[in-house]
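Visitor: The residues making up each chain are set out below.
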Amino acid sequence: MFTQTMLESIKKVESTRSARIGAVLERMSAKEKEELLKAYHPDHREDGFDTIKIGPNAGQKAPCELVKLLHSNSRILNENIDLSKIDYDVDVLVIGGGGAGASAAIEAHNAGADVMIVTKLRIGDANTMMAEGGIQAADKPNDSPVQHYIDAFGGGHFAARPELLRRLVMEAPDAIAWLNSLGVMFDKDENGDMVTTHGGGTSRKRMHACKDYSGAEIMRNLRDEVLNRKIPVVDFTSAVELIMDDKGQAAGAVLLNMETGDYLVARAKTVIIATGGAGRLHYQNFPTSNHYGATADGLVLGYRAGAPLLYQDTIQYHPTGVAYPSQLFGALVTEKVRSLGAMLVNVNGQAFMHPLETRDVAAAAIIRECSDRKLGVNTPLGSGVWLDTPMIEIIGGEGTIEKRIPAMLRMYMNYGIDMRKVPILVYPTLHYQNGGLEINGEGFTNTIPNLLVAGEAVGGIHGRNRLMGNSLLDIIVFGRNAGKKASAKAKEITLGKLSLSHLEKYAKELEEAGIATDCVSPMLLPDYTRHER
Amino acid sequence: MADMVNVFFFGKKYSVPADMTVMTAMEYAGYTLKRGCGCRHGFCGACATIYRIKGDNELKTCLACQKQVEDGMYVASIPFFPTDKRAYDINQIKPTQQIMMELYPEIYSCIGCNACTNACTQKLDVMHYIAYAQRGEFEKCAEESFDCVGCGCCSVRCPAGISHPMVGVLARRLTGKYLAPETLHLKDRVEQVNSGAFDELIEQVMQKPITEMKELYNNRDIEK
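As given, the protein sequences belong to chains A and B, one line each in that order.
For the first sequence, our numbering begins at 2 and goes up steadily by one.
For the second sequence, our numbering begins at 5 and goes up steadily by one.
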């Protein structure tokens, strides 16, 4: 399976392995990290960014691909949508069927609201389902929410919004308890204690996991609960624009049946954007670990309605995406592989960094190894470094990989690579949108009083880099919060006359900024189709 | 030019690069996927696919995103299959054998043909976990079915009309909620937070100037 060069390099990795077991690698100083990030992290590549010309964040930078979508026309600018014909009329409209959307819907339903989920693909077709490594919560005696706050705040370069981070860490233990009460099977020992590990940048072992199907196990429970409660899920239907009313409130969304192409009108007293991330925009041509529908739709339709973005210029590249074999290119190799002891090793078999630095630092260090230092391993699609997985079996005992990271083992075994015996090749993959729509401490946007955002579509919870395990946590904490707040707020809302005039206003702004475009957004799905002619 | 192979999507022949997955090969052939494509990395079960290699009578199953194309592959995707999920209130049911009889009585019609196991794209012992469910051994059923992605290939092949993934979900929820030991440190911590034990401390760090936070972060002790 491996090329001759790879096999030769593996020999070097094997020859240094026993000396590396038990060796303590130094962590980088704050200054070293800063210099490394500036030189090698993709967020610092100027040609990857463009200036937003219109809207609340005009004058600020964002990835070129996102700017293009923000500078595009609405899909329905020239459609004659009859807003008097209401297809769905609810208290709470949840846009997105991932972990945040499902949590929001369950809590809204619990509070007695008439809630529905609209989702572009199926409920559960979401990055939540693909989260492998775990979920953080400070619930061990040697840990505290304050310690969790410090780790996340520092790991995010001191840029997180304190009121959001506070909610994240303080409500984390309850989020785990809630999931456990739904039936999520966390890894526990015989006494019921959670089996927890480190993630990159954590100072306490607070990573809870469900093997390496953590997100899948959580999503399966949430989906099952949504279905048990008979919450309507309108699938294969995307929200293409928000509907406003004449009082400036959000009042629903225009939906598109992905299969028939028909438009539908959903009216709602409160709207929750839970549309997730943007990996499928392939910023800077990176492959992605994200699901098929991760195209930043919620950011686009929120922005068009006047909701500002925050930290839209910062993206997380997961340090360990699959570099080889090419069939798996860009797929996630969970950080838990490093939590369990695997080191990052270059072509000569040298461990070039502490394996549990934060993700941005680890990604930048791998890029440095493969570029300027020329110590990467060549692959058909580029290069990569070794993640020395056999170390896990030596440190944790035979069978550890099968027990703790079965999904990884299965994924590689499909291509004849036994990660228990040979190391695997990794390179950073586009993983997470650190930024998103700005919300206040209660989960609402500041500009539109009955519009909420939850999950990866939010900016500011994590600052400018996110720690492993804080995203599964944020979708639960902020999803639940949004569901509760949206159902309460819906009781106070009286909607006015429905309107799409914000789309004309946006089109006018585009024109005034001299932007003439044939492109439309949101993107909905990436275009991977090849045509002969 | 890359090595090419001939594959048949819904019976129609296309020449595609040999190193592609079934999913990327369909896109290469000109298909724009809506259904039958989800996470693209083997976790969501959206791309259940059934195929047969020309000259071989055995029907095989795979996830289109995880399977490399082969020459002479006849491919049909199964973007939707009417598996049958029964509704229940997780707070009202009990982890007894009775609940399976009530919600999924068809599992007792299993004829032991093992077609489900043979069809599993995750190589799980599906028939075995259904047997555990029949006997009310939910923890074993949960463990055995844990890696299920719910693609439904097992149900497609089942002569008894069993919705295996749904049985697995029920067993796992019962296990997670009722059978796994309670986590006392979690219970304690939730109570502490609710009683306001951390309110003042968290307020203090929130108010600290960035320079102090940097100091705190860069010098924090890290558990070994």
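In case anyone wonders, no lab produced these hints; they're calculated from the structure.
There's no promise every hint is true.
The calculated EDC-like cross-link candidates involving lysine to aspartate or glutamate, where the alpha carbons are at most 20 Å apart (straight line), are [claimed, not checked]:
1. A:K404 x B:E195
2. A:K231 x B:D93
3. A:K404 x A:D188
4. B:K218 x A:E164
5. B:K17 x A:E164
6. A:K498 x A:E164
7. B:K38 x A:D263
8. B:K191 x A:E9
9. B:K181 x A:D190
10. A:K54 x A:D314
11. A:K141 x B:E195
12. B:K16 x A:E403
Visitor: Please go over all the hints and tell whether each is borne out by the structure.
Guide: Hint check:
{"no.": "1", "hint": "A:K404 x B:E195", "result": "violated (32 Å)"}
{"no.": "2", "hint": "A:K231 x B:D93", "result": "holds (11 Å)"}
{"no.": "3", "hint": "A:K404 x A:D188", "result": "holds (10 Å)"}
{"no.": "4", "hint": "B:K218 x A:E164", "result": "holds (18 Å)"}
{"no.": "5", "hint": "B:K17 x A:E164", "result": "violated (58 Å)"}
{"no.": "6", "hint": "A:K498 x A:E164", "result": "violated (34 Å)"}
{"no.": "7", "hint": "B:K38 x A:D263", "result": "holds (15 Å)"}
{"no.": "8", "hint": "B:K191 x A:E9", "result": "violated (52 Å)"}
{"no.": "9", "hint": "B:K181 x A:D190", "result": "holds (15 Å)"}
{"no.": "10", "hint": "A:K54 x A:D314", "result": "holds (14 Å)"}
{"no.": "11", "hint": "A:K141 x B:E195", "result": "holds (13 Å)"}
{"no.": "12", "hint": "B:K16 x A:E403", "result": "violated (39 Å)"}
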